[in-house]
Amino acid sequence: MGVKLLLAKAHVEGIKNYDVYRREGGYQSVEKALKTMTPEAVVEEVKKSGLRGRGGAGFPTGMKWSFIAKPEGVPRHLVCNADESEPGTFKDRYLMEHIPHLLIEGLIVSSYALGSNDTYIYIRGEYAWIVDILEKAIAEAHQNGWLGKNILGSGFDCNIHVQRGAGAYICGEETALLESLEGKRGNPRIKPPFPAVKGLWERPTVVNNVESLAAVVPIINMGGEEYAKIGVGRSTGTKLISACGNINKPGVYEIDMTISVEEFIYSDEYCGGIKNGKRLKACIPGGSSVPILPANLLLKTAKGETRYMNYESLSDGGFATGSMMGSGGFIVLDEDQCIVKHTYTLARFYRHESCGQCSPCREGTGWMEKLLLRLDKGEGKMSDIDLLWEIQSKIEGNTICPLGDAAAWPVAAAIRHFRDEFEWHVLHPHEAQV
Amino acid sequence: MVQFSEQQMQEFNRLVKRYPEGKQKSALLPVLHLAQESFGGWLSVETMDYVANLLHLEPIEVYEVATFYSMFNTQPVGKYMFEVCQTGPCMLNGSDDIIAYIKEKLGINVGETTPDGMFTLKTVECLGACGYAPMMQLGKHYREHLTKEKVDAIIEECRNNAARNN
Ligand SMILES: NC(=O)C1=CN([C@@H]2O[C@H](COP(=O)(O)OP(=O)(O)OC[C@H]3O[C@@H](n4cnc5c(N)ncnc54)[C@H](O)[C@@H]3O)[C@@H](O)[C@H]2O)C=CC1
Ligand SMILES: Cc1cc2nc3c(=O)[nH]c(=O)nc-3n(C[C@H](O)[C@H](O)[C@H](O)COP(=O)(O)O)c2cc1C
Ligand code: SF4
Ligand code: FES
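Line by line, the protein sequences are chains R and A. So for the first sequence, our numbering puts the first residue at 26; every next one is plus one. So for the second sequence, our numbering puts the first residue at 250; every next one is plus one.
Hints were generated in silico from the structure; no laboratory data involved. Computed from a prediction, not measured in an experiment: that's the story for all the values here. Positions of the beta carbon are idealized from the N, C-alpha and C atoms, including for glycine. Among the hints, a few may not be true.
To be verified - Beyond 12 angstroms from chain R on every Cβ pair, some chain A residues (computed):
#1 T396
#2 N414
#3 N415
What the hints assert, rightly or not - In the DSS-like style, the derived pairs of lysine-lysine whose C-alpha atoms are separated by at most 30 angstroms in a straight line are:
#4 A:K389 <-> R:K209
#5 R:K223 <-> A:K274
#6 R:K300 <-> A:K397
What the hints assert, rightly or not - With the Cβ distance kept under 7 angstroms, some of the chain R side facing chain A (calculated, not the full set):
#7 G113
#8 A153
#9 R189
#10 E207
#11 W226
With the sequences and hints as input, model every part of the structure.
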């Protein structure tokens, strides 16, 4: 069994309730931070921990916190990104549903570190019942003196508000999220300036993922240095992986980033192997926008080394032969699955979710969807495959936000590794139709 | 006429109070959710104008937001809306068959409402339930690990609920 920091207590009976959570050691990090540490010292611990953003980009959290601007007299804000919409990703939901107080505890300590008196959780609109879970936890925290005015006599005031989105993947992108939180359409802003300088209502703002903020609790409890000893290299601590697709045990697993991909897929502690005794064909290891890998490149790198479930190993080989840790959405495809069809559903997803601001993304996602549908139905031509390649390469790097890249990469990787399947659809139109 | 009840007005005030002075526009999404729930599951122009007035916004500021987000319905919908996910991970677990089955059972296509106004079928993109696929959203909650039998039971359940509430 690997180390568990976030989900260790997730299955304790009644842990959703304040009393049980507190009895199990909850809110100790708030006591420690607010009574014995300065905000700067909290930031320093998080820096030492090596924690990297769990929303997908992997940017060091402590560094981001130290970048927050502190102009005189201007309030600062912490915003928790609970928009979780990347296909394959459902880890934040799991954490909030099962152990909501862990997030609230992390938010209080992080708000203290950043000087945020009003902190917002922006949660995807569809997670409507989780809003109730969070609001109940927040109310309990208030009643017990962990939120409100002058918390623990420290002079620090803090309130947490839950804001529901309304169905838009793009609002997970931090600047689109801030626009949405201001009551507007979710059109991403041009970065820089980063939110740390100009964010919510033009005030300095830190946006962090749910899991990143929950991880602050064990970091403060055990100290940044201890936390950094877990894991390997620059992949410190534990990571939540949501596993789905054709596996025996879909679900959310906490791993310590030293296990191999093979162990993760086949051991009974995690995915429990491929469903129905089938063979592994391919996998998208970090959410739908990262490159898909065929089985051979998934389990071993191009150099023939074991591939591990961590940031460095998953990206070993770059996009030519590797992929990314991304959001931790692990999607497994068995031997019977059709890559063209699967890629088509993802292309449709990105077309649906493009905000429409930049023409390469707006036009390109629609065009790719059409071509992929045509190919999937056995109505495509060989030249369509080259055209698809051409389109994706024109989107990448030419847009305001990375949704364009996110739409391009899955298509590029599918053609790179499974070109023969695309060609098969052209050569066997009748069989492709069934 | 569209108007919040006293209780809904209390909720409205709670929502607006979460933001600093002068930033009441931030309450727009939550208030639109409240309005949609309060006025028949969709946002008519009258409803949107009412919200604009309450929040001191121009009507266009409300329209452009209402049309951007997929959870806001700007057309009437059935009493029960089946929102079935069709993205990759759900597709790998048979969402196509589930969608086809619902179409057949209800006798409608995606995007349509049954003539009795009871059911609307909609396809949606990944709802964050990929490990519990295939799935759909029904009101505030998710229905996961769908099978044909489960779909039958859900339809039955909705009909019973509707009969009871009449
Ligand atoms: N969890 C999910 O559901 C999804 C996750 N993603 C992930 O999102 C990632 C892209 O996210 P982005 O925010 O565009 O990445 P990014 O690299 O621009 O930023 C990452 C974080 O670091 C901060 N940052 C970076 N440089 C900074 C600087 N110089 N000063 C201050 N702050 C700085 C940003 O503000 C942001 O919070 C992708 O890699 C993808 O994996 C994408 C879609 C959905
Ligand atoms: C299209 C798009 C969607 C995103 N969706 C999410 C999301 O749902 N949740 C999330 O935490 N980050 C998401 N991100 C990343 C955020 O922009 C940002 O990097 C993250 O919230 C920062 O938190 P972290 O440093 O704790 O990871 C998305 C990025 C893009 C480009
Ligand atoms: S890349 Fe796409 S989603 Fe991002 S800003 Fe441009 S059009 Fe909008
Ligand atoms: S793909 Fe259907 S819930 Fe994620």
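* Given hint A153 (chain R) near chain A, where the shortest CB pair must fall under 7 angstroms -> holds, 4 angstroms
* Would the pair K223 (chain R) and K274 (chain A) pass a check requiring their Cα atoms to be no farther apart than 30 angstroms? -> holds, 18 angstroms
* To do: Mind checking the CB of G113 (chain R) against every CB in chain A and telling me if the closest is under 7 angstroms?
  => holds, 5 angstroms
* Is the hint on E207 (chain R) kept, meaning its closest Cβ partner in chain A is under 7 angstroms away? -> Given a least distance of 5 angstroms, the restraint on E207 (chain R) holds.
* Asked: Taking C-beta pairs only, is T396 (chain A) more than 12 angstroms away from all of chain R?
  -> holds, 15 angstroms
* Asked: Holds or violated: K389 (chain A) with K209 (chain R), Cα cutoff 30 angstroms?
  -> Given that 30 angstroms is the threshold and the Cα spacing comes to 23 angstroms, the pair holds.
* Asked: Minimum Cβ distance from W226 (chain R) to chain A below 7 angstroms?
  -> Holds: closest Cβ of chain A sits about 6 angstroms from W226 (chain R), inside 7 angstroms.
* Would you assess whether N415 (chain A), listed as outside the interface, keeps its beta-carbon beyond 12 angstroms of every beta-carbon in chain R? => N415 (chain A) is indeed farther than 12 angstroms from all Cβ atoms of chain R, at 25 angstroms.
* Asked: Does the structure keep K300 (chain R) and K397 (chain A) at a Cα separation of 30 angstroms or less?
  -> holds, 20 angstroms
* Is it correct that the beta-carbon of N414 (chain A) has no partner in chain R closer than or equal to 12 angstroms? -> holds, 20 angstroms
* Satisfaction of the R189 (chain R) interface hint, Cβ to chain A closer than 7 angstroms -> Where the cut-off is 7 angstroms and the nearest Cβ of chain A is about 6 angstroms from R189 (chain R), the hint holds.
Hint violations for this structure: none, all hints satisfied.
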